[in-house]
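S.K.: One-letter residues, chain by chain:
Protein chains: 2
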Amino acid sequence: MKTLSIPSLIFFLFFSSISISQNAIQDSIMLKKIYSTALTDGKAYDWLDYLSNEIGGRLSGSIEAESAVNYTEEQLNELGLDKVWLQSVMVPKWTRGFKEYAYIETNSGDKSVTNICALGGSVPTPNLGIKAEVVEVQNFEDLTKLGKDKIAGKIVFFNRPMQADLIHTGSAYGGASNQRYSGAEQAAKYGAIGVLVRSLTLKLDDSPHTGAMSYGDTPNSQRIPAAAISTKGAEYLSSLLKLQPNLQFYFKQNCKIWDDVPSFNVIGEITGSVHPNKFMVVGGHLDSWDLADGAQDDGAGVVQSMEVLRLFKKLNYRPKHTIRVVLFMNEENGLRGGLKYAEEAKRKKEKHVFALESDSGGYTPRGFSLETDAANVAQIRSWAPLFKPYLIHLFDEGYSGADIRPMKGNIDVLAGLQPDSQRYFDIHHSENDTFDQVNKRELELGAATMASLMYLMDIHGVK
Amino acid sequence: MKTLSIPSLIFFLFFSSISISQNAIQDSIMLKKIYSTALTDGKAYDWLDYLSNEIGGRLSGSIEAESAVNYTEEQLNELGLDKVWLQSVMVPKWTRGFKEYAYIETNSGDKSVTNICALGGSVPTPNLGIKAEVVEVQNFEDLTKLGKDKIAGKIVFFNRPMQADLIHTGSAYGGASNQRYSGAEQAAKYGAIGVLVRSLTLKLDDSPHTGAMSYGDTPNSQRIPAAAISTKGAEYLSSLLKLQPNLQFYFKQNCKIWDDVPSFNVIGEITGSVHPNKFMVVGGHLDSWDLADGAQDDGAGVVQSMEVLRLFKKLNYRPKHTIRVVLFMNEENGLRGGLKYAEEAKRKKEKHVFALESDSGGYTPRGFSLETDAANVAQIRSWAPLFKPYLIHLFDEGYSGADIRPMKGNIDVLAGLQPDSQRYFDIHHSENDTFDQVNKRELELGAATMASLMYLMDIHGVK
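First to last, the protein sequences are chains A and B.
Residue 431 in the numbering used here is what sits at position 431 of the first sequence, and the numbering runs on without skipping anything.
Residue 355 in the numbering used here is what sits at position 355 of the second sequence, and the numbering runs on without skipping anything.
Derived by calculation from the structure, the hints in this document are not laboratory data.
Fair warning: there could be bad hints in the mix.
Taking beta-carbon pairs under 8 Å as the criterion, some of the chain B residues facing chain A (in silico) [as the list claims (entries may be wrong)]:
#1 S28
#2 D165
#3 D259
#4 Y390
Straight-line C-alpha distance at most 20 Å; calculated EDC-like pairs for lysine to aspartate or glutamate [stated by the list, open to error]:
#5 K242/A / E136/A
#6 K463/A / E397/A
#7 K232/B / D436/A
#8 K349/A / D41/B
#9 K388/B / E442/B
#10 K346/A / E371/A
#11 K232/A / D49/B
#12 K232/A / E397/B
#13 K314/B / D165/A
#14 K43/B / D205/A
#15 K93/A / E66/A
#16 K99/A / E397/A
#17 K32/B / E442/B
#18 K388/A / E397/B
#19 K388/B / D396/A
Glycine residues also receive a C-beta, built at the ideal position from the N, C-alpha and C atoms.
Work out the full structure: start from the sequences and follow the hints.
M.R.: Written out as structure tokens, the structure reads:
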């Protein structure tokens, strides 16, 4: 065990603390300016108001998505950045069609209407809908146990709830989402003719939650329609099934998969003063589901990312690295924007050192989720005291963000903003993801937290 | 500098960690049970639904306050506690009367109606209302500067906003609340005939926020009516005053102060197995303002406190100390319940060692605010690792809670639950403090956090 004598230790601490504290004071002054400006002179909330209430749901390939591209490009142009441009990307186009219709029919012929919505990417039902018996399962293992005999010709009802005793609701979502994403693919193998999935939310209510699904390599002729049922509907159906296992379920949806269409990532940049060819990215995704306005998912992330660059301009902070805001298209049902950005960065040999995404809602920020090596984790954690006045306390290693992850392997540090997660899945992908769910201060604190990490990464560099 | 050799250091760490870790493992298992039960089998949300939607606003002395006493007593009785009783307390009774009416009248005679509400404890206006010129001020110093000449016969308009760049909104509230509490008392000294106060919220909207005010020792004949104006109304009035300093403001309210009436604190208790004569208290306040249902202020604190004892019963945890839930009456406009409880505890020489209050809303819990000595702060902070999985990270020294503070000096540890504060003042004391503002999981996490601290204090004792 190597020891220092007391005098040499004091000498060491004294002199090292001077240089540490000069940096720390400078940084802490800058963070204070960032937070104060975001809270007293922010723009994020107004931008989000427009995106949510003037434009609305921005599903890839829709008119609304196009409007959002135009609006955000125009707003970035007004910030006086060094460059603003659109990056072309082909995106899938799926439309919901008319409002879905479904009912439970008991053995006595009584029908009770229940709220469903088609999952994103689903095929439609036949024009007259589907009516069949229902087999309730918890997971894919149940399908194997039941086998073709008990599944063929029926509607498979995946009813595994999100696990309520997990503190991070994102983990609960992760633990239940394979039913939605792959339920139809798996059930089709056993001859099911449709799939119904319990909405991915911890809230018990009447609103169905949509989201992406995939048929994998299931041939077109064997693809079966898939819909989400509200949690109350799921509970009701499940309880009726216990009394009448051979009741019938009817549903009708006329969603449609179209050919890919052209769209764009929206990009703005402040060129670096010292390292113009080293790039730092902050972003969220511009597209959203169609059932509501996508205010939290991910309008919030979009306007927070724009706000980071606006704050730097407002505070006359000229970054050392080139800092880009990237508003990714098509995170929800394809990730084409994220893939395209990473591909182009690689093709152009742009050296990316840091990317930060906000795609978990604009709730009170709690910290960051980091994908990087130990040295960079350690550096970021060393900034915890700077973040403490703003109640930012999580510097966990974990998943960063869907849109920036395609850069993994070609970038030093990936990070995701971690907001408080309790309310997110109540409204996620449902008709309730509206502007009134967003609290102005929470949104602004998130933007300031992102700007603060971006500033610290810029000024101190990656390890 | 004293050093330990590596082998002796390892030996020391190894053996000390065994005893630490056995306690810590036991504690961490108990906390896990508490949180899981609260999140999967909680009762707080249902209780709050009843308090908010079946009973409603519970202003001291009202029928609703009486119903809340009866309902919570009945619910505590169903928990199988060792004792449930009502503690008599006389409370002030103030009623709002008809909905207040106000308008701004410009020099050209145009009237624009604006939203106000009487402050709690205010005298009424004359039957026909008051119409007068307005003098806008920021604080009491402005009154001194203006003097009687410029104030007498006018309505004083206190328009100092809450400071938006403070992270804890409670601090921003504290910095602006003297206008509401003492504005009328101060303005009356200069001959003002009425007082208008900017609503204490950081949100810009049309809802006025009420709250307690006091005339101090102002003689009855000199007491002037006081009302809160919505923040949008305040901004509008202020901008008009810049154009027309001699515009007129009219308002009418017929609130009334009655004689004190009898009411109750509701108390339930689990008798301690080891220290039956040492008391630990958990509580919130049963009364609320009348403009809405008081779901967050402080229905949330009431049901969370009840849930602490329910969780202990449910988990078959028999506490060492006697643990009481106290639902205090009249926090909002008199604090009589808190004063009475402290007075009775002192009179009966009941040794109180710990009290925990929840009165900052049922939002995601972040930690505790502690009023105690260094040894107890240190002990509570030593439990931070146990709380970490539940994202509880604040163990600050600071204000605990209005209802339990009267015990200060006769108790070892006072603590207040610290929930996330961003949304609280948006709805606080306004028509928007309704059940839908409460998130079930956030409420439950708060209850579990309170139960966890109560458990740790009980099992380890105060220092």
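S.K.: Each hint needs a verdict: does it hold in this structure or not?
M.R.: Now for the hints, and whether the structure bears them out:
no.: 1; hint: S28; in the structure: violated (14 Å)
no.: 2; hint: D165; in the structure: holds (4 Å)
no.: 3; hint: D259; in the structure: violated (42 Å)
no.: 4; hint: Y390; in the structure: holds (6 Å)
no.: 5; hint: K242/A / E136/A; in the structure: holds (10 Å)
no.: 6; hint: K463/A / E397/A; in the structure: holds (16 Å)
no.: 7; hint: K232/B / D436/A; in the structure: holds (17 Å)
no.: 8; hint: K349/A / D41/B; in the structure: violated (54 Å)
no.: 9; hint: K388/B / E442/B; in the structure: holds (16 Å)
no.: 10; hint: K346/A / E371/A; in the structure: holds (19 Å)
no.: 11; hint: K232/A / D49/B; in the structure: holds (18 Å)
no.: 12; hint: K232/A / E397/B; in the structure: violated (43 Å)
no.: 13; hint: K314/B / D165/A; in the structure: holds (16 Å)
no.: 14; hint: K43/B / D205/A; in the structure: holds (18 Å)
no.: 15; hint: K93/A / E66/A; in the structure: holds (12 Å)
no.: 16; hint: K99/A / E397/A; in the structure: violated (41 Å)
no.: 17; hint: K32/B / E442/B; in the structure: holds (16 Å)
no.: 18; hint: K388/A / E397/B; in the structure: holds (15 Å)
no.: 19; hint: K388/B / D396/A; in the structure: holds (12 Å)
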